[in-house]
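Those protein sequences? They're chains A and B, same order as listed. Positions 1 to 260 (the working numbering) are the ones given, in order, by the first sequence. Positions 1 to 267 (the working numbering) are the ones given, in order, by the second sequence.
Do not rely on the hints blindly, as some may be mistaken.
Stated by the list, open to error - DSSO-like mimics (lysine-lysine), calculated; alpha carbons at most 30 Å apart, straight line:
hint	chain 1	residue 1	chain 2	residue 2
1	A	256	A	109
2	A	256	B	14
3	A	19	A	45
4	B	206	A	87
5	B	206	A	45
6	B	84	A	87
Claimed, not checked - One-sided and incomplete, this derived list gives chain A residues near chain B with beta-carbon spacing under 7 Å:
hint	residue
7	28
8	32
9	175
10	193
11	194
Quick caveat, the hints were computed from the structure, so don't treat them as lab data. Ideal Cβ positions, reconstructed from N, Cα and C, are used throughout, including at glycine.
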Amino acid sequence: MKLYIKYILINFKSQLEYKTSFILLSIGQFFVPFLVFVSMYMLFKRFNSLDGWSLYEVALCYSIMHMAFSLSECFARGFDSFSSLIKTGSFDRLLVRPQSTVLQVLGSKFEFTRIGRLTQSILVLIYALSNLAISWNIFKVLTLIFMILSGSLIFTGIFILGATLCFWTIEGLEIINVFTDGGREIAQYPLNIYKSWVKKFFTFVIPFSTVNYIPLMSILDKNTYSQVLAMFIPIIGMLFIIPCLIIWNFGIKHYKSTGS
Amino acid sequence: MKQYFSFFKMSMSKGLQYRIAALAGVATQFFFGFTFIMIFEAFYRSSNTPQPISIEQLIQFVWLQQSFLLFVMLWFRDMEIFDKITTGNIAYELCRPTDIYSYWYARLLAQRLSGALLRCFPILIITAFLPAPYGLSFPPTIVHFILFIITLTLGLIIIVAISMLIYISVFYTLSPTGSLLIVSVLGEFLSGLIIPVPLMPPMLKKIVYFFPFRYTSDLPFRIYVGNIDINEATISIFIQLAWIFILIMFGKWWIKRALKKVVVQGG
Numbered sequence: 001m002k003l004y005i006k007y008i009l010i011n012f013k014s015q016l017e018y019k020t021s022f023i024l025l026s027i028g029q030f031f032v033p034f035l036v037f038v039s040m041y042m043l044f045k046r047f048n049s050l051d052g053w054s055l056y057e058v059a060l061c062y063s064i065m066h067m068a069f070s071l072s073e074c075f076a077r078g079f080d081s082f083s084s085l086i087k088t089g090s091f092d093r094l095l096v097r098p099q100s101t102v103l104q105v106l107g108s109k110f111e112f113t114r115i116g117r118l119t120q121s122i123l124v125l126i127y128a129l130s131n132l133a134i135s136w137n138i139f140k141v142l143t144l145i146f147m148i149l150s151g152s153l154i155f156t157g158i159f160i161l162g163a164t165l166c167f168w169t170i171e172g173l174e175i176i177n178v179f180t181d182g183g184r185e186i187a188q189y190p191l192n193i194y195k196s197w198v199k200k201f202f203t204f205v206i207p208f209s210t211v212n213y214i215p216l217m218s219i220l221d222k223n224t225y226s227q228v229l230a231m232f233i234p235i236i237g238m239l240f241i242i243p244c245l246i247i248w249n250f251g252i253k254h255y256k257s258t259g260s
Numbered sequence: 001m002k003q004y005f006s007f008f009k010m011s012m013s014k015g016l017q018y019r020i021a022a023l024a025g026v027a028t029q030f031f032f033g034f035t036f037i038m039i040f041e042a043f044y045r046s047s048n049t050p051q052p053i054s055i056e057q058l059i060q061f062v063w064l065q066q067s068f069l070l071f072v073m074l075w076f077r078d079m080e081i082f083d084k085i086t087t088g089n090i091a092y093e094l095c096r097p098t099d100i101y102s103y104w105y106a107r108l109l110a111q112r113l114s115g116a117l118l119r120c121f122p123i124l125i126i127t128a129f130l131p132a133p134y135g136l137s138f139p140p141t142i143v144h145f146i147l148f149i150i151t152l153t154l155g156l157i158i159i160v161a162i163s164m165l166i167y168i169s170v171f172y173t174l175s176p177t178g179s180l181l182i183v184s185v186l187g188e189f190l191s192g193l194i195i196p197v198p199l200m201p202p203m204l205k206k207i208v209y210f211f212p213f214r215y216t217s218d219l220p221f222r223i224y225v226g227n228i229d230i231n232e233a234t235i236s237i238f239i240q241l242a243w244i245f246i247l248i249m250f251g252k253w254w255i256k257r258a259l260k261k262v263v264v265q266g267g
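Work out the full structure, taking the sequences as your base and the hints as a guide.
Given below as C-alpha cells:
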C-alpha cells in the first residue's frame, strides 16, 4: 500500500510538469462527456421520458457510471495501455521485482487528466439529486457509494481482461473497447430499455446490472426489494474482479517475452 | 499532379494492410450501431408526437454513419505528421520539391479512404440483409442515390481540409492532444455524430447549419434516407463547394505563413 501511494505521487508530479498540456487535456476530458450529457438532455426535452424514466433519474444513472468509469480509467490506466509494456519488453523487468505484478502494472501509469470527466459527472450528480425528491437514509447513501465503487471495479476488471489478451496478441485489440467504452455507453442508461440479450449479457457476463439497475431502482423507490438487500447487490458486482485476476495470473504463466 | 497521386497510392496500399484491425473495427461499429438504435427506439417508444425524422429513417442513418465512420470522424489522425512537426523531421519534408499541403492532403485522403473501404462494405452488406426495421434499404429514388454519392465525396474533401487545419495548428502549439481533443469533440457534436441534427432544438440547428461540419455527414446520410428533398440537396452541393474553396485556400495560406517562421526543433 505504501508503495502504491508512492507510485501515485511520482506519477502525479511527472504529469504536472507539463502544466498547459495537463490543463487542456483535463478540459477536453470535461467536454467529451459533457456534450454527451447535453445530447441526452436534448433528447429528453424532445421525448419527455424514456420508458418511464425521467431525465433526472437517468442523469443519476449516468453520473454514477461516468464517475465509476473515470475513477477506473485514472487508477487502472496501466492495464489499459498494457500492450506497450509487452511490446517494448518492459514487462520482463516487472517480473523480476519482488512485488506483485498487479500492483506494479497499476502503478505504471495513472491518468490524472480524468479529473475533468470526474468533475463533470459530479456536477451531473448534483444536478440530478437536487431535482429528485429522494427520501434519504443511511442505506441509500451506502448503496450510492457502493454503486460507484462496484462500477469502477467492474471497469477495472474489463481493463485487466483486455490486458491479459495482450499476452497472446501482443498488440492491443480495438475490440475490447466494446466492453469498456461500449459498456459505459450502454450502462449510462438504465438497462431495462434494451433488448433482453443485452440485459442478459450485462447481468450474467459483465454484471453492470448490479450497479445501474437494481440498486438504482431501490434508491428511487421504484421496486419493493428491501433497502438492506439492495445495498449488498453492488457488492456482488465487485466479485467480478476475482475471476479477472485469476485469468490474469493464468495469462502471466503463458507469457513469452518479445525479447528486445 | 502525378506525384501526389503516387503518394496517395502509397498510403492507400499501406492502409489496406491492416485487415485484422479492420475486422475488429467492423465488430465494434456493429455493437455501437445496435446500441444507438436501441436507445433511439426506447425514446421513440416513449412519445407519440411525430418527429422530424422517423425511426426507420434514423436506423438507416445510424448504419450509414457506422459504415462511413472514417469519412466523417474528425479525430482520425496521423501521428507521423505530428511527430514530424514536433521532432523537427519536418525539415526533410521541406527539402522535397513538392507542395507540402498537397502532399499531406493526398496522404490523409488515402488513409481515410483505405480504412473506410475495408470497413464500409462488410457493414453495408450485412445490414442490407437484416430484417425489416433494422436493415438498410435503398434510397427512395435513384436521384437521391446519385446526390448521396456526390455529397458524400464532397463531404470527404471538406473533412480532410478541416483536419489539415488541425495539423497546421500544431506548428504553433507543438502539443497536439489537448486542443485537438476539444476541437474534434466540438466538431463531432456540430456534425450530428453525438445527436442527429434533426433531433436538435431549432436554435441549435440554426447554429449547426452555419458551420461546415454538418456538410460532411449529416447532409449525405439524410439525403440517402430521404429526409432532405432534392431541391435542398442541390442547393447544399453549392454550399459544400464554397466551403471546400474557403477551407483549402485558408489552409494553403496558413501553412505558408507557418512555414515562414518555422523553427526546426533540434534533431
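Each hint tested on the structure:
1. 256(A) with 109(A): 23 Å, holds
2. 256(A) with 14(B): 29 Å, holds
3. 19(A) with 45(A): 39 Å, violated
4. 206(B) with 87(A): With a Cα-Cα distance of about 49 Å, the restraint between residue 206(B) and residue 87(A) is violated, given a limit of 30 Å.
5. 206(B) with 45(A): Cα-Cα ~18 Å, so holds.
6. 84(B) with 87(A): 23 Å, holds
7. 28: Holds, because the Cβ-Cβ distance from residue 28(A) to chain B comes to roughly 3 Å (cut-off 7 Å).
8. 32: Given a least distance of 5 Å, the restraint on residue 32(A) holds.
9. 175: Hint on residue 175(A): holds, closest Cβ of chain B at ~5 Å, below 7 Å.
10. 193: 4 Å, holds
11. 194: Check passed: Cβ of residue 194(A) comes within 5 Å of chain B, closer than 7 Å.
Violated hints for the displayed structure, listed by number in ascending order: 3 and 4.
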